[in-house]
Amino acid sequence: MEKKSTETQSKPKRKPKLAVWKFASCDGCQLSLLDCEDKLLAVAGELEIANFPEASRLVQKGPYDVSLVEGSITTAHDAERIHQIRKMSKVLITIGACATGGGVQALRNFQDVNEFVRIVYASPQYISTLKTSTPIDEHVFVDFELRGCPISKSQLVEVICAFLNGRKPNIPAYSLCVECKRQGVPCVMVSQGIPCLGPVTQAGCGVLCPSYNRGCYGCFGPMERPNVAACCEQWSKLGADNGEIMRVMRTFNAHADEFRKESMRYENASN
Amino acid sequence: MKNNKNGNTRKSRTIKVDYLARVEGEGGLFIKVRDNKVRDVKLRIFEPPRFFEAFLRGRHFMETPDITARICGICPIAYQLGSSYAMEDACGVKVDGPIRELRRLIYCGEWIESHVLHVFMLHAPDFLGFEDAIQMAAKYPDVVQRGLRMKKIGNDVMTLLGGREIHPINVKVGGFYKVPTRKELSGLMENLKWGLDAAKQTVELVATFPFPDFEQEYEFVAIHHPDEYGLIEGNLVSNRGIDVPISKYDDHLIEEHVEHSTALHTRVNGRESCFLGPMARYCLNYEQLTPLAKELAKAAGLGRVVNNPFKSIIVRAIETVYAFEEAIRIVESYEMPNKPAFDVEPRAGTGYGATEAPRGICYHRYTIDDNGIIQDAKIVSPTAANQKTIEKDLWNFVPQNVDLPDEKLKWQCEQAIRNYDPCISCSTHFLNLEVDRA
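Residue numbers (our numbering), protein chains in the order written: chain A, 1 to 271; chain B, 1 to 438.
Hints in this document: simulated from the structure, not taken from any laboratory.
No experiment lies behind these values; they were computed from the predicted model shown.
For glycine and all other residues, C-beta sits at the position ideal for the given N, C-alpha and C.
Any given hint could turn out to be false.
[Stated by the list, open to error] Sample of chain B residues lacking proximity to chain A, with all beta carbon distances greater than 10 Å (derived): (1) G25; (2) E26; (3) V95; (4) N170; (5) H252; (6) V258; (7) V268; (8) A299; (9) G301; (10) I328; (11) Y334; (12) E335; (13) E345.
[What the hints assert, rightly or not] Label-pair ranges, simulated between beta-carbon atoms: (14) B:V244 - A:K90: 52 to 60 Å; (15) A:F141 - B:D376: 36 to 44 Å; (16) A:P186 - B:G303: 53 to 61 Å; (17) A:Q192 - B:H225: 31 to 39 Å; (18) A:K90 - B:R347: 36 to 44 Å; (19) B:G241 - A:K131: 52 to 60 Å; (20) A:I119 - B:G303: 17 to 25 Å; (21) A:F141 - B:K298: 56 to 64 Å.
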């Protein structure tokens with residue numbers, strides 16, 4: 001990519017309009033776009049960044065060609081807003097564990113949210129919140145879900161390029177184990193007896209945790225058709241107690257179906 | 001206070017920003033002006049609450065660095081290290097030597113990444129009159145490219161030590177899962193040296209920006225350590241007499257819940273609002289700055305204390321110089337430790353931790369039981385603590401500028417908020433800009 005300034009660009013056909021939206025989240029996934037330092041100005045050259053409040057005051061009206069949605073639905077207002085965004089977007093892509101799996105804030109789904117409000121806020125009457133934190137696809141049709149807490153920058157660039165060119169994104173749905181083997185990283189579960197969620201977690205992080213001598217904690221969410229029960233049994237054999245297994249299932253993708261169900265099994269077992 | 005009748009002669013106006021741009025998270029501003037007097041200022045924080053302090057109850061103490069990191073994608077290290085220090089405090093473990101040095105190094109990476117993001121991409125466009133850094137890049141391509149490269153170097157430090165720049169996976173209570181070799185660390189050196197040079201040029205550049213005349217009185221609060229610029233450990237100090245260990249934080253800084261914000265406000269016990277962040281650290285830790293940083297500050301026209309919040313951009317650039325220097329020092333003197341972490345065994349008790357996030361003090365307090373299960377958690381983000389001061393600035397700033405047309409006044413108010421580099425995602429437990437001149 002050339003780092004020419006945008007001044008000299010001729011005016012070919014209309015550039016596709018990109019919008020970035022935020023719901024309940026930590027901002028990390030949209031920050032990933034700004035973290036594409038090498039590619040940022042090049043991407044900005046190919047696209048019209050029409051709505052990205054974290055980066056710009058400039059707001060253009062929809063419709064938008066591609067919307068990136070970060071965060072989960074936790075308020076009645078947001079549950080309405082996502083429908084408006086869907087109507088304005090030709091393609092809607094959710095980015096990150098909050099938008100695709102409810103995020104860490106979905107831990108409220110297993111408890112009484114009113115108690116949560118009372119623990120954190122002195123005047124609970126000022127707070128309006130839903131009982132649950134839910135992924136975007138429980139509310140509107142989603143064209144593509146990009147996983148991760150946070151998402152991978154290279155996967156983000158791949159997904160944007162794919163939709164701009166009308167092709168399917170090349171994002172694998174297999175497990176982290178496959179990625180680990182390909183990179184030649186020794187299995188931490190087999191060689192060091194460290195409990196690891198690699199067998200049931202979708203690849204994409206680039207084998208971070210096992211490369212740093214720790215077990216995967218599932219931040220990319222469940223892979224396609226995972227055998228979560230078998231993985232958790234292996235955790236037991238390696239000495240993890242029921243409480244620990246329940247907790248690891250309930251972190252950043254707590255509302256993802258396969259993890260949620262297994263966490264409930266272990267919750268019942270530990271009671 | 002000037003009051004010429006050229007501009008707005010309407011009796012009342014509302015300045016309203018529904019969704020503040022170039023800040024992290026969701027907030028707005030509402031200002032009501034009647035007869036050229038400010039009647040109301042509300043920094044509105046409508047970022048939905050996520051209840052970290054509630055769902056941390058019942059979690060294991062070793063999980064806190066991973067979980068609390070998710071409060072903020074821009075400053076995860078502040079949460080990872082703050083919670084680690086608090087747990088180590090509760091369990092009676094003191095982390096020192098090379099592991100402590102590596103903690104400072106990864107934090108320098110976060111300061112560089114976050115400060116450079118704010119200086120170049122979020123704040124500089126205000127001073128130069130651009131909507132965003134991408135527009136700015138068309139006129140100043142070299143400046144923006146330089147900023148992006150500096151930011152990347154900060155991220156590279158975080159990635160090497162943490163595995164990735166957002167929500168690093170290598171930080172744990174007691175230290176790290178894996179520590180780098182000397183050779184791996186020295187790979188950073190060439191870029192760090194380039195970055196230091198670029199940071200010096202950044203100080204020179206931002207010092208030439210136009211600054212509104214806006215000197216204010218503040219109670220600055222920061223972490224102070226006698227031997228180093230406050231970052232990871234030290235006492236809680238202020239320019240009005242606070243000087244206590246972190247365990248006394250709750251006696252001095254009080255949180256209050258107001259209706260228009262999902263972020264709790266902070267005030268100093270018995271006094272008014274407090275000011276956290278780069279200007280506070282500069283005031284309270286000036287002696288611990290490096291000779292080069294002091295020299296650059298002087299050349300940029302800064303006094304011993306900076307009281308104009310618009311000049312926070314210069315202080316941020318000075319701190320970026322410091323962070324590059326400190327990173328270089330650590331890389332040069334690093335000796336790989338025998339073990340990547342200290343062993344931490346849980347014991348019942350309460351622990352306190354506070355570190356200097358890029359935006360100011362990030363405070364943690366946890367109570368755990370003998371099995372390490374969390375019974376109670378309290379986390380205070382710097383932006384939450386600064387909300388009252390931001391509102392106070394606007395109360396004072398608007399009357400001076402009430403003659404400006406609405407659009408211009410609105411932009412300047414936004415700029416006044418961005419002086420604090422607010423991170424709204426963090427502060428909700430934690431912003432909408434409206435100015436009502438009716």
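The hints, checked one at a time:
Its beta-carbon lying about 6 Å from the closest one in chain A, B:G25 breaks the requirement of being farther than 10 Å from that chain. Non-interface call for B:E26 relative to chain A: violated, since the shortest CB-CB distance, roughly 6 Å, does not exceed 10 Å. Annotated as non-interface, B:V95 keeps its C-beta farther than 10 Å from every C-beta of chain A; the closest such distance is 18 Å. Not every CB of chain A lies more than 10 Å from the CB of B:N170, the least distance being 5 Å, so the non-interface label is violated.
The non-interface label for B:H252 is consistent with chain A: the shortest C-beta to C-beta separation is roughly 18 Å, beyond 10 Å. Some Cβ of chain A comes within 10 Å of the Cβ of B:V258; the nearest lies about 8 Å off, and the non-interface call is violated. Its beta-carbon lying about 18 Å from the closest one in chain A, B:V268 satisfies the requirement of being farther than 10 Å from that chain. At the 10 Å boundary, the C-beta of B:A299 stays outside the reach of chain A, the nearest C-beta of that chain being 28 Å off.
Every CB of chain A is more than 10 Å from the CB of B:G301 (nearest about 28 Å), matching its label as outside the interface. For B:I328, the condition that its CB be more than 10 Å from all CB atoms of chain A holds, with the nearest at approximately 21 Å. Every CB of chain A lies more than 10 Å from the CB of B:Y334, the least distance being 18 Å, so the non-interface label holds. With a minimum CB-CB distance of about 20 Å to chain A, B:E335 clears the 10 Å threshold, and the non-interface call stands.
Separation of B:E345 from chain A is adequate, the least Cβ-Cβ distance of about 16 Å exceeding the 10 Å criterion. A C-beta distance of roughly 57 Å is found between B:V244 and A:K90, which places it inside the suggested range of 52 to 60 Å. Range check, A:F141 to B:D376: Cβ separation about 42 Å, and the 36 to 44 Å hint holds. Remark: the range hint 53 to 61 Å for A:P186 to B:G303 is upheld by a beta-carbon distance near 57 Å.
A beta carbon spacing of about 37 Å between A:Q192 and B:H225 agrees with the range 31 to 39 Å that was offered as a hint. A hinted range of 36 to 44 Å for the beta carbons of A:K90 and B:R347 is inconsistent with their spacing of about 57 Å. At about 46 Å, the CB distance of B:G241 to A:K131 disagrees with the hint of 52 to 60 Å. Separation of A:I119 from B:G303 is about 44 Å and departs from the stated range, judged on CB atoms against 17 to 25 Å.
For the pair A:F141 and B:K298, the supplied restraint of 56 to 64 Å holds, since their beta-carbon distance comes to about 59 Å.
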